[in-house]
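**Student:** Spelled out, the chains give:
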Amino acid sequence: MTQDLEGSSGSAAAIDSSNIGFKLLKKHGWKEGTGLGISEQDLLGVGEGLLANQRGRLLWKIVVLAGLWAQWLERNRKIFEGAEEGLEEMWDRIRFWGRLEPVETYWKNNKRGLGVDKVKKKAPKPPDAKNITISSGKNEQELPSKKSKTHSKKMRKMQEFERQLQEKEFERAFFREFWPDNV
Amino acid sequence: MGTERKRKVSLFDVVDETSVAAKISKSNGGGAPMNNNSGNSLINPWNSKPYSQRYFDILEKRRTLPVWQQKDEFLQSLKANQTLILVGETGSGKTTQIPQFVLDAIDIETPDKRRKMMIACTQPRRVAAMSVSRRVAEEMDVTIGEEVGYSIRFEDCSSARTVLKYLTDGMLLREAMTDPLLERYKVIVLDEAHERTLATDVLFGLLKEVLKNRSDLKLVVMSATLEAEKFQGYFNGAPLMKVPGRLHPVEIFYTQEPERDYLEAAIRTVVQIHLCEPPGDILVFLTGEEEIEDACRKINKEVGNLGDQVGPVKVVPLYSSLPPAMQQKIFDPAPPPLTEGGPPGRKIVVSTNIAETSLTIDGIVYVIDPGFSKQKVYNPRVRVESLLVSPISKASAHQRSGRAGRTQPGKCFRLYTEKSFNTELQPQTYPEILRSNLANTVLTLKKLGIDDLVHFDFMDPPAPETLMRALEVLNYLGALDDEGNLTKLGEIMSEFPLDPQMSKMLVVSPEFNCSNEILSISAMLSDFCRDADIARLHSSSMQAFKVPMCIDGEAQKAADEAKARFGHIDGDHLTLLNVYHAYKQNNEDQSWCYENFINHRSLKSADNVRQQLVRIMARFNLKLCSTDFSSRDYYINIRKAMLAGYFMQVAHLERTGHYLTVKDNQVVHLHPSNCLDHKPEWVIYNEYVLTTRNFIRTVTDIRGEWLVDIAPHYFDLENFPQCEAKRVLERLYKKREKEREESRNRK
Ligand SMILES: Nc1ncnc2c1ncn2[C@@H]1O[C@H](COP(=O)(O)OP(=O)(O)OP(=O)(O)O)[C@@H](O)[C@H]1O
Ligand SMILES: [Mg+2]
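Chains as they are written, first to last, in UniProt numbering: chain W, 1 to 183; chain C, 1 to 747.
Bear in mind the hints are in silico, worked out from the structure with no lab data behind them.
Watch out, some of these pointers could steer you wrong.
Dumping the calculated DSSO-like pairs for lysine-lysine here, alpha-carbon to alpha-carbon at most 27 Å [claimed, not checked]:
| hint | chain 1 | residue 1 | chain 2 | residue 2 |
| --- | --- | --- | --- | --- |
| 1 | C | 488 | W | 23 |
| 2 | C | 447 | C | 419 |
| 3 | W | 26 | C | 447 |
| 4 | W | 26 | C | 663 |
| 5 | C | 49 | W | 108 |
| 6 | W | 108 | C | 298 |
| 7 | C | 563 | C | 604 |
| 8 | C | 447 | W | 108 |
| 9 | C | 663 | C | 734 |
| 10 | C | 242 | C | 298 |
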């Protein structure tokens, strides 16, 4: 399992409301649980009730994404059928999809080429774990020596991690569909 | 092993020669409406000198570039619209030709006869801004720095005569701080927009506003990828012009199997090309300075082993921390054959992704792409910005291959399988704004008068927490008040092209009676980030700075020796100061530098940076002063002044023997390059390096008492996570309290 590096993990606690930065952002007119940008504030503002907990937030995010996705498909239909009206307006809505969470990355401490780990390990992990399989070789050796004592803790960590990955995978799939050159 | 490569049909359109020729002759007949500069005349209208032969030779080649076929269409579209988006394949002539087309067609006269309006063309990289402007000056047959110039951080090569200026996006943003409507410019070309650098993204939002207020200003956004439709949406449906095709085809090769070691594979591929392929220079993309220096050595060694059956090679490294003059070495010609008629020589450029966009290195035929680059990431939760090696995006891979085939047909060797390309690479790199610390950006926006950060028209809005961190940092530094308004201090800080922490340290240094020394330290720290203009200082210095870095050569031994000579036991910042002082005392002598393992060029540019900073200090009447060198307080004052800027980057030595960053409680280790002879209880650090272990680099010893004296608002115990450092601080506060009481009683 790839270590979720102390420093780079997104799992550190979110900045809370006692923070001066948090307060200042609110003073700038930001609504909790929403992203930034011109119309993100209004678009996401509707779901405020839902946003109280993590699950609700994720759910709401997916709802919004799915909505945008639908708009996107709709847009394509329009293009292919030659109906161009309303296009700009549609774009306006789509592009303001703002991030709620910071981008994550993993540390690579070897010189392995792209795709190497994947071949070697014959996919002990679900395919969507691909971006971690590219990372560190040291951790690979740690796998078998995993002690049963710490097992369940690690399992929980892994599940949490997988959940994050799934979330990310969704984003990525969304992006894959989203980029015009893949349509 | 890797010899058999799967051949792939070119990714690019191979331009049909006959049709090009036909179209050229057609477009030559037509000509642009206001075209006064395309070769019919023998006198150069810019400097009234007769054109040189070289001008005509280049013009001949320029006319074959794909963008020339759409010159009329472009100019018409420019005339009819305020904003225009142009997408063209790599090498089609966007960067070099479009600004010249604009220059030919747009009226830049002003009522004042001596002054003309300008055209700006932004570049994300300094090396590109410099080299492209040189090329364009050559194409226009004028002297660089006169009609055509460039401007990068700490270096302005333009004059009152300049009408076309290439500048880094960060520089244009800086100019906007003093000239909010960018009134010097008639047309602004945002080039390489697909790179989505932080500064370009901010300029997008800013220029949208400026355009509303200046109907006479025009904007051209140029990009090499299809993402342009996204730009079109963002720019309210501005017309999109596509320039199909390129001058020369590039063949793409993939490996059949994934490579176990991309570095080794890259070196092997270089050797194979040198052995088997026809003449032509090679460009290799690797991730960072150390890897590049390592590869350069290995390539030299491997080729050396081949004996004189093969031609000579010249291996040139390129990365952002090299001084500009060294970077220009990539444009040197390949070495001649050893013997007349012997096998030809080859130039091999080994570069980070700074050579990925915009550059044309004449003679490059082969590109080797292992598929990785160092990418910036920022985690606002733990406040760590770092450069991590990650797979590149498809768009980057495309750009890399585009460096071949610019002056002749080329080949690109991708050191991964086609399947990996299709399944593992993301379509685009995440925009930098989503991966960066935004403290400096927020300061710039505030200075530009953009107060509504939450609704700022970002093309891709950053995470709210990133903005919170930025606001927090600026508030603690005193640049923003508790309402989020820019303070007087913040205004001055925003004038320095540096990180807010460093600007703060400079601005307050006169209060500690050591501004001369702080200036030197700042210049030494910022010298090593040649590719940064704004906000990037912190991250690039990460990659670049370590004490041996200001020292030439490879040997650890040399570094150790230099350390022994200049090392200051209280910290690396002070060591840098020693190096600078010694350099000045020895009259900046080159051979002295050599004997002392010091990189002369780096010191020279640090000196230049220092002068620029002195000018900014003078503008705000900040006193230049020093504590008497023999005073016990000499170094103490310096360390205190540094703390006044960097109090948010403090680590505390725990009883367990490791360091924890204060407040964030991250376990960190002193970087092995440090000069300390002991493990101080408290240190400030310049950067946080993320590797298998978390290192803090460039550290200096400070005292706990200073924390409570200089930054009590930050080390406020009400707002402090439980940890050892907190308990120590509690004691320190009590001690101070007691002292105060005693002095009161005495009175
Ligand atoms: N320094 C140079 N020496 C020789 N030829 C050059 C030089 N600079 C540019 N060229 C020629 O001009 C062409 C266009 O270069 P230009 O930089 O304008 O392309 P571009 O469309 O901006 O490409 P990219 O998307 O890669 O930035 C090159 O392909 C090359 O043929
Ligand atoms: Mg270009």
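**Student:** Would the pair residue 447/C and residue 419/C pass a check requiring their Cα atoms to be no farther apart than 27 Å?
**Tutor:** Violated. Residue 447/C to residue 419/C sits at ~48 Å, over the 27 Å cutoff.
**Student:** Holds or violated: residue 26/W and residue 663/C, Cα atoms, limit 27 Å.
**Tutor:** holds, 23 Å
**Student:** Need the status of pair residue 663/C, residue 734/C: alpha-carbon distance at most 27 Å?
**Tutor:** At roughly 20 Å apart (the allowed maximum being 27 Å), residue 734/C and residue 663/C satisfy the hint.
**Student:** Please work out if residue 49/C and residue 108/W have their alpha carbons no farther apart than 27 Å.
**Tutor:** Roughly 56 Å separates the two Cα atoms, so the pair is violated.
**Student:** Are the Cα positions of residue 488/C and residue 23/W separated by 27 Å at most?
**Tutor:** Measuring from Cα to Cα gives roughly 21 Å; hence the hint holds.
**Student:** Does the alpha-carbon distance linking residue 447/C and residue 108/W stay inside the 27 Å limit?
**Tutor:** violated, 38 Å
**Student:** Given the hint that residue 563/C pairs with residue 604/C, does the C-alpha gap stay at or below 27 Å?
**Tutor:** holds, 20 Å
**Student:** Does residue 447/C lie within 27 Å of residue 26/W when you go C-alpha to C-alpha?
**Tutor:** Distance of about 20 Å is within 27 Å: holds.
**Student:** Given the hint that residue 108/W pairs with residue 298/C, test it: the Cα-Cα distance must not exceed 27 Å.
**Tutor:** Holds. Residue 108/W to residue 298/C sits at ~22 Å (cutoff 27 Å).
**Student:** Between residue 242/C and residue 298/C, is the straight-line Cα distance small enough, at 27 Å or below?
**Tutor:** violated, 43 Å
Violated hints for the displayed structure, listed by number in ascending order: 2, 5, 8 and 10.
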